[in-house]
Each structure stands twice: as C-alpha cells, then as structure tokens.
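Q: Heads up: the protein sequence lines correspond to chains V and A, in order.
Position in the first sequence (first residue = 1) + 7 = the working numbering.
Position in the second sequence (first residue = 1) + 402 = the working numbering.
The set of hints was computed from the structure by calculation and includes no laboratory data.
Among these hints, one or two may not hold up.
Unchecked claim - One side of the interface only, derived from the structure: several residues of chain V facing chain A at Cβ under 10 Å: (1) Arg39; (2) Leu41; (3) Met59.
Predicted model, so just to flag it, every value in this text is computed and none were measured.
From the three backbone atoms N, C-alpha and C, an ideal C-beta is built for every residue, glycine too.
Letter by letter, the chains look like this.
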Amino acid sequence: MSDPAASGRPIKVLIAKPGLDGHDRGAKVLARGLRDEGFEVIYTGLRQTPEMVVSAALQEDVDVVGLSILSGAHMTLLPKICAGLREQGMDDVLVTAGGIIPDDDIPALEQAGVSRVFGPGTTIREVGEFIRANVARR
Amino acid sequence: MSDGLPERARSGDRRALARLLTEVENRTTDGEQALRALYPQAGRAHLVGVTGAPGAGKSTLVAALVSEVRAAGRTVAVIAIDPSSPITGGAILGDRVRMQVHAGDSDVFIRSMASRGHSGGLAASTVAAAAVLDASGFGLIFIETVGTGQSEVEVASIADTTLVVQAPDMGDEVQAIKAGLLEVADIVVVNKSDRPGADRAASQLRAMLTVGAQHDRTAGDRPRPKRPQVMLASSITGAGVPELLDALDRRDAARRATADQGHSDAAALKRAEAQLAGILAQRVSAGLRAPGRSAAREATLRRVAAHELDPFSAADELLELLRDG
C-alpha cells in the first residue's frame, strides 16, 4: 500500500457514531472541519453497531476511523470495533476517538487499539495534524 | 500492491475488492494493471445511473431499491459520488447515511467516491470502479451521481439505464420541456409520492415528455430524444419501488436480448467511447507533464496566456511534441 501522506492522494476518514446517544453535532462539526483540512470524510450517521462501523471501513478502504461517542459505552463498543477491524485484516487503519471519555479509561482504550482519544476542547487542526503525522505509518 | 488482488476480489474477498477500488480510484499503475486483467470479465452487469437535484431523494431511493433486490436474494453494489471541495480537495461523502440499513449486509457493497475535480456529476474513475465491481460478480450496480443541476448528463453516457429522480415540487411544465437532464432519462421517477402534488407532477411530466416524442416521428434520421417512462415512488412507504425494480429488470432483459441477437449494444458503445476518451485525455496530459516536455509545455502556456499564440496552434504544437517523443 502506498503511503497516502507521501503520495499526495487524499486521506480517507470514516467518521462514525457507535452506540445509542443521539448527539451528532460534534461528529458533524469534525467531519466538516476535516473536509476543510483536505480529507475525504465518509460520514455514516447515528447509532452504528460495531459491525456496521467495521463493514463501512472495509468497503470504503479508509485510512482512518474516527469514533464519536458520548453515551458512556466506549469501554464496550470501541474495543469491539478495534477487534473487528483486526479480524478483517485492517490492523493498519488508524483508530481515533472523541466525545466524553474519562481520562482513567484512556490507557485501556489505547491498549485495545485506539491510537488517540481527543477530549473536549481539541481543535480540528490538532486532529488533522495527528492524522497526517500518523497515517503515514500505514 | 499485494499480489493477486484481482483474483481475490473475483473470488469474493471484499477486503481485496475494496483495496482494488482504491488503486483504481487513485489511478495507480497497479490499478491500471488490474483493470487490464479484469476487463474481459466485466460487461455483464446492469449499470443503473441515478441522478437528480440535491435533496430529490436519490440515496434513499437507492436504499429502497437495494432492499427490494436483497429480498430477491440478489447481490448488489452501489457507487455513490459526492462533490470534492474545489478549494481544499476535501469532501463529505454522506450517502451512506441513507443506506444504513444495509451496512451489515455483506451482499451489498457500497462505495463512496469524491468527484476529485471531475465535472459532470461523476468521478473520473467511476466507470473503472464499476468495471471492477462488475468483474467481481455484482450483476446490478447503481451509480448515484452528485446532486445535479440541469445539464450534468455524463452518467447517461456510461450507464445502461438512467434514472432521473425528481421531487414532486420541482417546478412547472416549463421545467419539463427544458433541454438537459430530463432528455437523457430512460425512467423519470417522481419520488416522495406520499407527498401532495406527486400525481400532478407525474402527469405533467408524462404530458410534456410525450409531446416531444410524438412530434419526433417525422424527424427522419435526426437524433431523437428518448421517450422516458414516468413512474411514481415513495422510499418512505415503499410504494412504487417493486414496480421500479421490475422496470429496471425488464430493461436489462431487453438489453441482453438485443445483444444475444448480435445487435450492438448502444449503451456499451457509448460507455466504451466515454472511457476511451477519458484515458486518451489522461495519457496526453500525463505525456505533456513528463519531465522532458514540461518546460516546452510551460512556455507554450505562457505564450497563449499572453495572446502571442492562439490556443489551436498551441494544441497542434503540443501534439507534435508528443508525436516526436
């Protein structure tokens, strides 16, 4: 697989909202912001199961999966998504998360395969820079 | 590229298929090689273009059609195109939102594509992506364009069947007689038929589109506009969706029958022409950007910009440059 950052081709990001909370403003603002940063953003909408997220990531062959979750179910859903991606051979996909996630949970999420958890107050530029710097490892 | 992506894609490996589509979309050498290998296996699928204004309900209608196709146990693929930003190159690809119900179904393959600067409602690699899905065994492929205006009709030159989707309140009879999008439709779908005014919109469209077709009987050899079927559908209630799929399948059967009788398939010829024209343009443009020629190209561009040289003579000069190698 060619290096997307080096080749100049657009980086593809899936923005998904797993779980049952209906607060998608953050995900939409991020999707819009990443569009302005030059990413191709696939937005899948609310209330995704881990299987739906994995299937969309697979079919779209994305470089990054960004998960927005505010329901508190992150310790259940996020590791499932990471495991699902690995099962499908997508261990090279960068997984990030955002929303309301307590600091204490972050080490376990990182252990499960989430590369970075972005808390409230993160700027879109930070997210964009993190993706550009880390997707290159693919 | 990992070895054997085309073979793996053809044998049902969805991950390989997705990767291959990326190579094709990025127009890499690997993608081109794969297309050369897969091309003989393509040409079986029914390519259905779905176009219409933003908000007409294209994605939702496609999702409803996909449900109908799946109820019959058939596999189906969707290519959904959304526009890229002309400023940043970024894009929001949001068509999957309307197709969520199919997200977990491995017999439905949905792929979003950004237009990446291509005008006309498609992406430059859309036909190539459809060929990959076709060769991978998908018998029905929906190609959903970006939300179009009145004249983004490119999809009609690459699809076997073109659906133009309209909302009931899209305008009066004058809109229906304007040239452009409606002329290239094989089927015009008045969507959202659960809303008031849909029947009236459909009968207005029928009346106006038939006027042209009748008048045309005396037209001799002049190119004739198509005589589209006008159908009503509601993605919300499901009304009209089975009938629409039936109409699509009948068109597909007619197309196959024509081909079996040895007649040339007009849609396939048009598609070949569009595809070839795209590749030739790409080859010429790549040739002129090659290291040995880019200085001459730049110099010619500047002379045209300064009006020292007319653009036609400039094109001749550049073609000459390519011929000389």
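Q: Does methionine 59 of chain V hold up as a contact with chain A if the rule is Cβ-Cβ below 10 Å?
A: 4 Å, holds
Q: When the nearest CB of chain A is found for arginine 39 of chain V, is that gap smaller than 10 Å?
A: 7 Å, holds
Q: Can you verify the interface hint for leucine 41 of chain V: is its Cβ closer than 10 Å to any Cβ in chain A?
A: Result: holds, 7 Å to nearest chain A Cβ.
In summary, the structure agrees with every hint in the numbered list given earlier.
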